[in-house]
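Asker: In case you want the letters, here they are:
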Amino acid sequence: MSQGAMKEAAQEGDRRLPSLDVLFGMHRRMVGIRQFEERVRTDYLARRMPGFTHSYVGEEAVAVGGCAALEPGDLITSTHRGHGHAIAKGVGFPAMMAELYGKLPGACAGRGGSMHIADFSLGMLGANGIVGGGFGLAAGAALAAQFLGNRDLTLCFFGDGAINKGQFHESINFTALRRLPVIFLCENNQFAQYTAIERTTAGALADRGTPFGVPGAEVDGNDVLAVYQAVRTAADRARRGEGPSLIIANTYRFYGHNVGEAVPYRSEADVAERRKRDPIPRYEAWLQAEGLIDAAGCAGVWEEVTREVDESVAFALAAADPDPATAMDDLYASTRAAWSTQ
Amino acid sequence: MPYLSMGQATNDAMRVAMRLDPTIIVMGLDIRWGGSFGQFRGLYDEFGERVIDMPISEELIVGAAAGAASRGLRTVVSMSFVEFSMGAMDELVNQAAKLRYMFGGQAKVPMVLRCADGTIRSAAAQHSESFEAIFAHVPGLKVVAPSNAYDAKGLLIAAIADDNPVIYLENKKIQPTKAEVPEGLYEVPLGKAAIRREGSDVTIVAYSIQAVNAAQAADELAKEGISAEVIDLRTIVPLDIDTVLKSVAKTKRAVVAHEAWTFGGFGAELAAQIQEALFSELNAPVMRVGARHSHIPFAPALERAIVPATEEIVAAARRAVALSGQTMQRAS
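For the protein sequence lines, the chains are A and B, in the order given.
FYI, the numbering used here numbers position 91 of the first sequence as 91, with every residue one higher than the one before it.
FYI, the numbering used here numbers position 282 of the second sequence as 282, with every residue one higher than the one before it.
Think of the hints as simulated: they come from the structure by calculation, not from any bench.
Values in this document were obtained by computation on a predicted structure and should not be read as measured data.
No residue lacks a Cβ here, since even glycine has one placed at the ideal position from N, Cα and C.
A portion of the hints provided could be inaccurate.
To be verified - According to the in silico footprint, chain B covers these stretches of chain A (three or more CB under 8 angstroms from chain B):
#	region
1	98 to 112
2	144 to 150
3	163 to 170
4	216 to 227
Work the whole structure out from these sequences, hints included.
Answerer: Rendered as C-alpha cells:
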C-alpha cells in the first residue's frame, strides 16, 4: 500500500494504523508464535521436552497487537500461557526454546521453564504460573514508574479465569485510585482451565471496571489491528495520567488448556468453527487486500520463521545443561543498598 | 544516647533509612496515622507521598510491593498484625519469594514486611499468633525477630538495605521495652546471633520475646546452680547455626524456645540441626519450649495455659540437666 493509501486508511473512522514496519512486524510475530507453539507442541508430545506447557495457538493477535502498541520502555506482565507474550515483547526463539528444554542459555538459565519465562531487559516481567499473579506485579511496576517519574506503562495480560480473582479487584481499585499507568488486557479464551466461562462468571467482563471508574472496551481478540488500536487508546490515556483501562479481547485457544490433555469439554465442531476465525489468515487477507504483501510474501515469512524456530530447537538441544552445583544460586541476592554500612 | 522503646527505635530506623534513600516507600493501612503501634508515627509529615495509605487489600499490598521492588524501589510494608499477612501468602510465597530464583536471577525484590506477632492482653485467636516457622519454611524469604530496641533499629535498617524480601516480626508484648539506641545509621547484620549470657550447663536458644524470657530464666536457673548460656538468634533466616552449635558443643545440653507452636515450630528445625551435628556429644535430648498446639484463647487464664513464658524455659532447662544426670548414671 502506498503512503497515500495508508493515510487514506488512517482517516477512515478512528482506525489508527501503525507504520508499515509495525504492520509487517506484527505479521512476523504472529507467525512466529504460531510456529514456535506448534513446534513446542510436537516436541512436548514426543516427550522430548520436560515440564508442562500451555499453547497460545489461536490467541496470537492479542499478544502481538497489545505489545505492538507499546513503546520500547513499557512493561508487560504475563500468564501461565505466556510464550506468545514473550515473543511479542521481543524475547528471541533461542532463549525461549533453551528455557523450555531446561538449558543453561535459556531466558531464565533453566530455572523457570515454560511458565516463568522473563526478560527484564525487554520489559517482560515474567510469565506466571499463578492465575492472577500479574495483577499485583503490574500495579507495583506502575507504582514504581509513578515514583521514579518515568513514562513506562505496564500492560497486564490475564485470562478470563483470572478476572474472578480478588487480586483483579484489588489492583483495579488501587491503580484507578492512584491513576497508575496500567492496562488490564483480558484474554477471554472462553475457558478457565477446562470450565467454560458461562459456568463461572457473572455479568459482562468489560463492565468490571465500571464501579472503579475504569473504562472497559471489548474487542475482537482475533483481529490484531483491533487489539492494537484498543491498547493504543488505553496507552494514551495512561500516559496522560488518567489511569488504568480494561480491555476484553475475545479469542479462543485452538488446543486444550495444557498440551497433551484430552479435551472432552468442547466439541470438535466448536473448534472447527472457531478455527475459521484464525487471526493469522485473517490478518494476511487484510494485508493482501491492502496491497502490502502478496501470497508469496506471506509464504516467505512462514518459511523464514519456521527455519528460525527449527534453528532454535537445534540450539537448545546442543546447549549445555545447567551445572547441578549451581542449583542453589540466585535464591538470594547478595547485593545491598549502596548506603549500607555492610 | 537516646533511651528508646522498640517502637521508637524502629520509627527512628525508618527515618534514618528514608533520609538516605529516596527510593524507599512505605505501604500499609493507617500508615499516615502512625500504624497500629505508632511504629510509623510522623513519617508522613517528613516524607509525604512516600508514605502510602493502602486499601485493606493484603494481596495487592504485598504483590504491588514486590512488583515495585522489582522495578527499582525499596518497599517497606506494614501488615499490622501478622495474621493479616495470611491474606497475602499467595503474593508473598508465589511471587515475592520466587521472582528472583524462577527468573534466573534477573529480579531482585528489596522489600520488608513488618508484622506484629505474639500474644498481648487477651487479643485472642486472630491477633495473638506467631508464624515465623511458616515464613522460614519458604526459600527466598529472610526472617527477622528482634528482642530489644537496639537490635530492632539495627536489624530493621539492615533489612531495608537488603535486596531480598525480609519478614520483620515485631513481638507486641516487648514493644514498650526500652534500651539505649545510637542515633543515626548502624546495622545489625542479618544472620548473626548474639550470645546474651555465657554459661556452661545448658544453652537456651531463643529469639523475640522468648529471648527476653530466656534471660530471666537464666537468672532463675543460676539460683539453683545451673549455669545457662543464652543465645538470641535475632534472625532465624539466615540462621546462625554455627554460634548455636559452638555453644551446645560446650554445654552439651540445649533448650530451644519460642512463643509459636512447638508442633512443627522453628524449634523443631533447631533441635534437628543440633542433634544431627552433635548427637554423640549431647548429654540430654534437645528440649523444646513453645505454645501448645491450639489456637490462642481469649480468657487470660486460658491464654497462659497455651502460651509459654519464663517458667516453662526454666522447667525445660532443669529437665535437660536432670535427664542428663540419669543418662550419666546409666552410663556409669
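Asker: Hints first: check each against the structure and report whether it holds.
Answerer: Hints, one by one, checked against the model:
Under a criterion of three residues with beta carbons nearer than 8 angstroms to beta carbons of chain B, the stated coverage of the region 98 to 112 of chain A is upheld, 7 such residues being counted. Counting residues of the region 144 to 150 of chain A whose beta-carbon sits less than 8 angstroms from any beta-carbon of chain B gives 4, enough to reach three: the coverage restraint holds. Interface restraint, the region 163 to 170 of chain A with chain B: holds (3 residues with C-beta to C-beta distance below 8 angstroms; minimum three). Counting residues of the region 216 to 227 of chain A whose CB falls under 8 angstroms from any CB of chain B gives 0; the rule of at least 3 is not met.
Of the numbered hints stated above, the single one contradicted by the structure is hint 4.
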